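Let's have the full structure, built from the sequences with the hints guiding it.
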Amino acid sequence: MTTDLVNVTIDDRAVAVPKGTLVVDAAAKLNIEIPVFCSHPKLDPVACCRMCLVEITGPRGPMLQTACSVPVAEGMVVKTNTPQVKATQEATLGFILLNHPLDCPICDKGGECPLQDQTMRYGPGISALVEPKRHKNKHYMISDTIVLDQERCVVCWRCIRYLEEWEDKPQLGLFERGGQTLIDIQPGQPVNAKTSGNIIDICPVGALTNRVARFSYRPWEIERTASICTHCSVGCNVRLDSRTHKLRRIVGRENMQVNDQWLCDKGRFAHAWVNAEDRLTMPMVRKNGELVGVPWSEALQVIADKLQAIKKTNGADAIGGIGSAKLSNESNYLLQRFFRQMIGTNNIDHRDGGDVAALATGLPALADVMKPQYGPNPKVDTIFLFGVDPSEELPILDVHLKRAVRKGKAKLIIAHPRKIELTRYQGPYLGYKPGTEATLLNGLTAAALAAKAALEAKEGDQPAPQNDVSAVEQLLRDLCGVDPAEVKRAAEALAQSSNALIIYGPLVARGEAGQNTLHGLTNLALATGHYERLAYVGLEANSQGCRDMGLLPHALPGHAALDDKAAKQRLQTLWGATLPTKAGKTYKQMLDGAGKEIKALYIMGANPASERPEWTANLDKLDFLVVQELFLTETAKLADVVLPAVSWAESSGTFTNLERRVQRAPKAVRDPHSKAAPDWMILDHLATRMGTNWPYAAEHGITAEITKAVPLYAGLTWEALGDQGLQWDAKALNVQPTSQEATQQNITLYEEYPLSLVSGTVLFDDGNMFRRTTQMKDRIMPALVGLNPADAAGLGVVDGTPVIVRSAHGELTMAVKIEAQVQPGTAWIPESLPGAPVGALLNGSDIEHVRVQQK
Amino acid sequence: MGFNKFFKGATEIGRAMGVTLKHLTQKPITVEYPASPVPLYPRFRGKHELRRYENGMERCIGCMLCEAACPTAAIYVEAEENDPNHPTSPGERYAKVYEVNLLRCVFCGDCEEACPVEAIVLGSEFAMANYNRRDFILTKQQLLNPGEPNVVIRPE
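Protein chains in written order, with the working numbering: chain A, 5 to 859; chain H, 54 to 209.
Please note that the accuracy of each hint is not assured.
What the hints assert, rightly or not - Pulled a few chain A residues facing chain H out of the computed Cβ check, cut under 7 Å: (1) P109; (2) I110; (3) K140; (4) R218; (5) F219; (6) W224; (7) S301.
To be verified - No more than 27 Å apart at the CA atoms, straight line, and that leaves these computed lysine-lysine pairs for DSS-like: (8) A:K859 - A:K821; (9) A:K90 - A:K316; (10) A:K592 - A:K671; (11) A:K316 - A:K592; (12) A:K23 - A:K586; (13) A:K592 - A:K310; (14) H:K75 - A:K142; (15) A:K140 - A:K173; (16) H:K58 - A:K250; (17) A:K250 - H:K61; (18) H:K149 - A:K781; (19) A:K569 - A:K23.
Simulated from the structure, these hints should not be mistaken for laboratory data. Since the structure is predicted, the reported quantities are computational estimates derived from the model, not experimental observations. Quick reminder that beta carbons are idealized off the backbone N, C-alpha and C, glycines included.
Right, dumping it as structure tokens:
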């Protein structure tokens, strides 16, 4: 950071600001407001609206200049309130308003509109135009979720600039000239950037409005609750706008450590599920094969009796609990306390929990990735994404990464079995075959060591002994299908980097192969000196929090091992109970064993029945299944007792995001007609019925208990967290890297299944929550199998050909989508496509081969 | 003394009888309500009505300004987007729900003032008694179909 300060005088008041500051920002420091339309703190200046003209005295005397584009200079004298400035502001506003329609009463921006506010403060009060106003397109859908009103537009370019500068997708443009200038899309190409909704927030007029929330709120009617988004693990800060107990709108809230002020379209628009008609509103118990609504007391008593009976006959380890990374720390903490204390088993897990080779500490800090946008000294100069597709999984991280690459000149290395969107930044791309991660990482480590040796040799001027790398190269080429030259490029970038960030995701971390991936990544990070910044990133809102809370079969709260004496002592004193010592079963083991050694399951907020047909059958075989849910999901339909829970917007809770930031999500709405209860309250009452008394009066009491149960969370009480959240200290965990050989697992190839199956997550899937936002139904990816053009040609299929995809375990009927992003020899089927659960093909394994056949 | 007293009393009776006699010849003030109508001042503010345009379209655009202006929060509006093929009101927006709570309303007329399209007006009906609390909440259907449709009220 430059520390040069420049002294300027604005309206006779002196201020010293860093060199390069714009006049408008310097004035803001003195609380002097200069009206602007086109200028935005997050966008580069263009100075096209002329609203910010102020009198700046330079060498040639005072003259009008745009405050939003002129940087301060030593001794500069600025006047913002001279008669000339006032006259100019009036004239500019009068000019902007010439053709602006007078439809404020039906405009969603009315009441929070900078144009309205500035017209009242700086405007002429009367229009000079007597002729009829110019007419342009109104109610013009530029995407499924954004409505453009060209008449209201003041041509400030903010939307165009956002899409260019942040999204790097110039999907909006200026057309025509003069008074006829309009913002428009390219013909037939609607805006489809994943974070396109942000242009609604930054539009200074009502030209761009939210179609999902259209006409359903008025700024003066709504209650605003500072909360966070729970669709992915970035944990973007949002504001929930509600009215009459209904969630009306979600807008972005600034947090410079997390999301800047941006939100993705899923987080912004997909909230219809909160107020959905088919939400569960009362407990249900299965009687004579039918789920019947009953009072809470009856449902809870049935569960308490049944769980105690099964515990008595089959032992505590015949009962399992499944939590959810979509739910808060409080809910999950209480679930694991319930199981460890009341049932006496460690059979407690969540999806991508104990089955995944994760690291406890998450990302060092998101701000390290965001930093390049705002400062000349990037904190992270190289980013290696391994098995993560931020564009589909973590869209706001994607925005940060794009910005880091373009503005911060960070290098992006990508290893993914699919040529993901971020590969367009020309960084080394390693498109390996699924299942060959260990070989790829071993090759990368070898190449990185060689590059490092070469670097050091240059300095010390001693030729390093060259290892024979041809065998490794051969393996890389044959097994992984990766060009060794590209691996060398990537390894060199990692070796040369002084601050590289290595991120891997659940796609490469599952199962036994995942363990080897973690070993390989650890070796690579140690070899290149970036171990501190090797991070596992879960995909759900509270993936990190669930691990911290001990919702794992092999770890107690605070990442303590089951035999950690100190942790055990602490929890036993806190809970007043003896803890089970035997390691529990993981999510996958519990579901595989359901109906066999597992007799009863308590599932909170998870829907395993939608993942694999085999699990559906297993769940049906259980003696007793309790499902605590918002909707009657596939899993809930199989349950013996269904308990109605409430969503994150209807109860208070804390969530821990991918960089260990604990953030608050307070209660914003409630449905007065529903009997649904928060997760913690259900568990608390159930514990009471099973013979104990927990001391919680409200959510905040649990948050306070977590600060004692999890030493890492010490001090992170509800009050301390504030609106921006707090990170827990990764150093407190003191993780020591263990270097272990990453061994390549055998990949059995069958001739009848020639293609490797690549799965993963897409942002707009047919998930239980997303599909309820009807306006976005066309953005849901249909049941498609992605094929490389070469493979498709070989099979003789074209776009849309109906095919049967077969694996050793099952088959799916889908249509073909030819995509160059799909690597040759692979077939891409993401999770949660409508009517096509990819789990039917995987059936428990993580590496699977398929055959695509014309129907 | 006795005579004086008698004379004074007789005068008073005579004057009182005069008043009675005078009113015998005048028209009665009492109105046979509800058999005959009650005269109202032109600016009387009674039960709310929602207006339509001549072509039958609703005037209300669901802007919720009346709701904002209402000092007693008696009005509740839910707006929605017009179906472009069968619009309910001109423009893009109409009121899907429009409710007036008569138990809260103080008949101040601020809603009339706030309305940019002269959709809500306070009519001349004043008989609003009901047997049920729930019936005091006027729905949009009731508001749109007043007893006497589209009478010009307060032309100023």
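Outcome of the hint check:
no.: 1; hint: P109; result: holds (4 Å)
no.: 2; hint: I110; result: holds (4 Å)
no.: 3; hint: K140; result: violated (14 Å)
no.: 4; hint: R218; result: holds (6 Å)
no.: 5; hint: F219; result: holds (4 Å)
no.: 6; hint: W224; result: holds (6 Å)
no.: 7; hint: S301; result: violated (31 Å)
no.: 8; hint: A:K859 - A:K821; result: holds (15 Å)
no.: 9; hint: A:K90 - A:K316; result: violated (83 Å)
no.: 10; hint: A:K592 - A:K671; result: violated (33 Å)
no.: 11; hint: A:K316 - A:K592; result: holds (25 Å)
no.: 12; hint: A:K23 - A:K586; result: violated (62 Å)
no.: 13; hint: A:K592 - A:K310; result: holds (24 Å)
no.: 14; hint: H:K75 - A:K142; result: violated (71 Å)
no.: 15; hint: A:K140 - A:K173; result: holds (25 Å)
no.: 16; hint: H:K58 - A:K250; result: violated (81 Å)
no.: 17; hint: A:K250 - H:K61; result: violated (78 Å)
no.: 18; hint: H:K149 - A:K781; result: holds (24 Å)
no.: 19; hint: A:K569 - A:K23; result: violated (56 Å)
Going through the hint list in order, the structure does not satisfy hints 3, 7, 9, 10, 12, 14, 16, 17, 19.
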